[in-house]
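Residue numbers (the numbering used here), protein chains in the order written: chain A, 31 to 492; chain B, 31 to 492.
If you are wondering where the hints come from, they were derived from the structure by calculation, not from laboratory data. Honestly, I wouldn't trust all of these hints.
[Unchecked claim] Between beta-carbon pairs, the in silico distance windows are: (1) Ala390(B) x Ala47(A): 49 to 55 Å; (2) Ala137(B) x Pro418(A): 49 to 55 Å; (3) Asn347(B) x Ser275(A): 20 to 26 Å; (4) Glu136(A) x Gly331(B): 14 to 20 Å.
Beta carbons: idealized from backbone N, C-alpha and C, even for Gly.
Protein chains: 2
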Amino acid sequence: MNKPRELNASVLNELVALLGDRISTNQGVRDHHGKDESSLPFASPQAVVFPLSTEEVRDIVNICRTHGVPLIPFGAGTSVEGQVLAVRGGITVDLSRMNKVLAVHEADLDAVVQAGVTRKQLNEEIRHTGLFFPIDPGADATLGGMSATRASGTNAVRYGTMRENVIALTVVLADGRIIRTARRSRKSSAGYDLTRLFVGSEGTLGIITEVCVRLHAMQEAMSAAVCCFPSMADAVNTVIQSIQSGIPIARSEFLCETTIRAINAYSKSIHPEVPHLFFEFHGTEAGVKEQAELVQAIATGNHGSGFQWTSRAEERNRLWQARHDTYFACLQLRPGSRAIATDVCVPLSRLTECIVATQADVAAHSATIPIFGHVGDGNFHCVVLLDPNDPQDVERARAFNRRLVERALAMEGTCTGEHGVGLGKQQYLQAELGEAVDVMRDIKRLFDPGNLMNPGKVLRVD
Amino acid sequence: MNKPRELNASVLNELVALLGDRISTNQGVRDHHGKDESSLPFASPQAVVFPLSTEEVRDIVNICRTHGVPLIPFGAGTSVEGQVLAVRGGITVDLSRMNKVLAVHEADLDAVVQAGVTRKQLNEEIRHTGLFFPIDPGADATLGGMSATRASGTNAVRYGTMRENVIALTVVLADGRIIRTARRSRKSSAGYDLTRLFVGSEGTLGIITEVCVRLHAMQEAMSAAVCCFPSMADAVNTVIQSIQSGIPIARSEFLCETTIRAINAYSKSIHPEVPHLFFEFHGTEAGVKEQAELVQAIATGNHGSGFQWTSRAEERNRLWQARHDTYFACLQLRPGSRAIATDVCVPLSRLTECIVATQADVAAHSATIPIFGHVGDGNFHCVVLLDPNDPQDVERARAFNRRLVERALAMEGTCTGEHGVGLGKQQYLQAELGEAVDVMRDIKRLFDPGNLMNPGKVLRVD
Chain A
31 MNKPRELNAS VLNELVALLG DRISTNQGVR DHHGKDESSL PFASPQAVVF
81 PLSTEEVRDI VNICRTHGVP LIPFGAGTSV EGQVLAVRGG ITVDLSRMNK
131 VLAVHEADLD AVVQAGVTRK QLNEEIRHTG LFFPIDPGAD ATLGGMSATR
181 ASGTNAVRYG TMRENVIALT VVLADGRIIR TARRSRKSSA GYDLTRLFVG
231 SEGTLGIITE VCVRLHAMQE AMSAAVCCFP SMADAVNTVI QSIQSGIPIA
281 RSEFLCETTI RAINAYSKSI HPEVPHLFFE FHGTEAGVKE QAELVQAIAT
331 GNHGSGFQWT SRAEERNRLW QARHDTYFAC LQLRPGSRAI ATDVCVPLSR
381 LTECIVATQA DVAAHSATIP IFGHVGDGNF HCVVLLDPND PQDVERARAF
431 NRRLVERALA MEGTCTGEHG VGLGKQQYLQ AELGEAVDVM RDIKRLFDPG
481 NLMNPGKVLR VD
Chain B
31 MNKPRELNAS VLNELVALLG DRISTNQGVR DHHGKDESSL PFASPQAVVF
81 PLSTEEVRDI VNICRTHGVP LIPFGAGTSV EGQVLAVRGG ITVDLSRMNK
131 VLAVHEADLD AVVQAGVTRK QLNEEIRHTG LFFPIDPGAD ATLGGMSATR
181 ASGTNAVRYG TMRENVIALT VVLADGRIIR TARRSRKSSA GYDLTRLFVG
231 SEGTLGIITE VCVRLHAMQE AMSAAVCCFP SMADAVNTVI QSIQSGIPIA
281 RSEFLCETTI RAINAYSKSI HPEVPHLFFE FHGTEAGVKE QAELVQAIAT
331 GNHGSGFQWT SRAEERNRLW QARHDTYFAC LQLRPGSRAI ATDVCVPLSR
381 LTECIVATQA DVAAHSATIP IFGHVGDGNF HCVVLLDPND PQDVERARAF
431 NRRLVERALA MEGTCTGEHG VGLGKQQYLQ AELGEAVDVM RDIKRLFDPG
481 NLMNPGKVLR VD
């Protein structure tokens, strides 16, 4: 790894001239920007800038390029694979002050936002329209960050991921060009899909400054359900069969008994400590009732019990808040821990086998590792707790993740369903995609010949 | 435009050694491969090859690259913007014999097919599974061709386009490398989205040889409906309001009175010659009934009348066959004509305005130009009939299309919703996307430094 160089005074002077007090070299500010939710070593930038516009981002890029200084885009700092760590030093571009919802087109079911707008902020600002933005990666991430990591979450089984929900992006390229990747129409076949090329590029090809996202009509009725199962396999099979039956489930989350125990402790809930499914159904009043009944019948056929459903907003929200707190609840199983949040995704037919084998791996190592996830997509997470100061503990956790990824790859799956590659998954990318990674490397070199855009992330080019 | 060069004997000899009798220089075969459904001048290749495998495509690419010979991939020849025309000569790679469905993964809701499999063939081969592949661009195109042009069709409003329904591609690159762009899981954040980069690249970045597509569960019930309207605006507003209400319409097609007249003549049907909407609803028995009732209420509020719906498969199929025959029915309005099939797509809120202005343009030019389309996506088509031997007629049709595209671009729309750029839309790409087109050009040069992969299409690099 290249050693971070000292910033020369000239870069700082030019940035100060551009930004005034919207640049900081304060150690606390730098350290805050040098960590994320991963268990990787912190790595602080040499300075942090807070632009307010696409044009300012362009000017920052131009200054940094001239001086050969790396640029790391930063949203809410909620990435889990080290995406925001300044492993080669440089300037962190904190986009959180670019937090304006620029336009809400109710009739078009879309909104244009600056990259620093968070998903909760957007949903708050559009609440009166009867529309909502469905992608929810747990944390209250920014839409720029979610685009950059191709995030998804619990609603993806029905509404898709960021890939399906970004209509267009404004991007500042390494050479200072500002491009808009698409128009605002819902479909287009006009040339190469630059939008999708930047979605998931983790700041390595350019800095996303504006995002046009799809919105969806809030359905007349939403109901949530919980159901207990004697085994993981029964729970997972219930979801698979529901999807194969064409039931348009909005959410279907699996939680193992360890996860439930963590949630009960964290959220003061009293779910029985057995494998669970949490569901959500969206539709008309009659429609959600019908969906719940169909799913209940499938669950019963898979030894499900204690099926409860509710359309009361308050109970629904409490349930999903508990689900979204899962990661933090799991961290509390061993206070003071950090964690590797694994993220494999496999074809649905292999999901039960993959989870059961992973559960056996957990048992074989006498570990306390919660397993939960978006089973409708074949995507699940383990929270592998570790003490970052205990090298053996870190290695044990990494080895577990390695075995899990190898298991998923052997089942035609991917090492990352939604967290992205960052630093943590690079070692698996080649095994997963072979020569396609060389093509990605060529694209990286084309867009960023100086290797200054979030260098060292996704793939190495030096 | 570069003049096609003569093929040298060595190229032919090497291709014959590789392919035996699966290469043809027969004039009829070449001419068949030198035309599509556009009104552009025919342009035949110097030879046509019929590979059977990805490895053969690679060997063909390697031979052609060595000799500097252009390669044009060819599926069913149903493109409408000149995508398959051999405007610089070279070898057409006809993939129609690569027509094997390689795997159907029922439990995973996906299928892996060779590029030459057509959508109807796939649906035929998976009928017993209860699954279906929803994308239907009218013609029985190949899945390779549909991927290459980012096709969609009548179901896109509910099921998405090829962009959302391709999971992974196998692609032969210009340098002879074979890559697979993704694993088979339903989600992944593993690196740059090469799948989406090739979807819509029209053979200019590589040749797609295998496609992994999503399948969808056939719903318990499907019903179709027709409804008449006094004006285009009323019909279009009905669709927009239905979508904004969150009704999960599977299809919503607008047809103007001229289109209805053409269909009646072609399909011997007796629809009243006024603007129509054709709908389809997918769901449970109760669900489709509910959807139809909700849409009928919205239609009535927009002066709709004669609302009829049916769940009988035979009537449904007759309706959609008529819709799919629209293009050919319109050609019969002036037998012997060819046509420009326009393809703009605008944000939903501008659709009524765009169609009404287009209707006024039709009236001002006393022309017979049918207007119909996928109004749920904001995408509509005009069939502009022309006599290819009458330069004035050709220019009149092109001018109409130019005005239409300019109108759509002024409304934040795109020049092509689903047909692609080919030769016909290149002049509009720069106006639509500005500097982003330069980035596309850089990508083209990276992937195809010799400009041999379907040269002259999508964008010019020389």
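Hint by hint, here is what the structure shows:
1. A hinted range of 49 to 55 Å for the beta carbons of Ala390(B) and Ala47(A) is consistent with their spacing of about 54 Å.
2. Range check, Ala137(B) to Pro418(A): Cβ separation about 40 Å, and the 49 to 55 Å hint is violated.
3. Against the hinted window of 20 to 26 Å, the Cβ-Cβ separation of Asn347(B) and Ser275(A) comes to about 24 Å, which satisfies the hint.
4. The hinted range of 14 to 20 Å is satisfied by Glu136(A) and Gly331(B), whose Cβ atoms lie roughly 18 Å apart.
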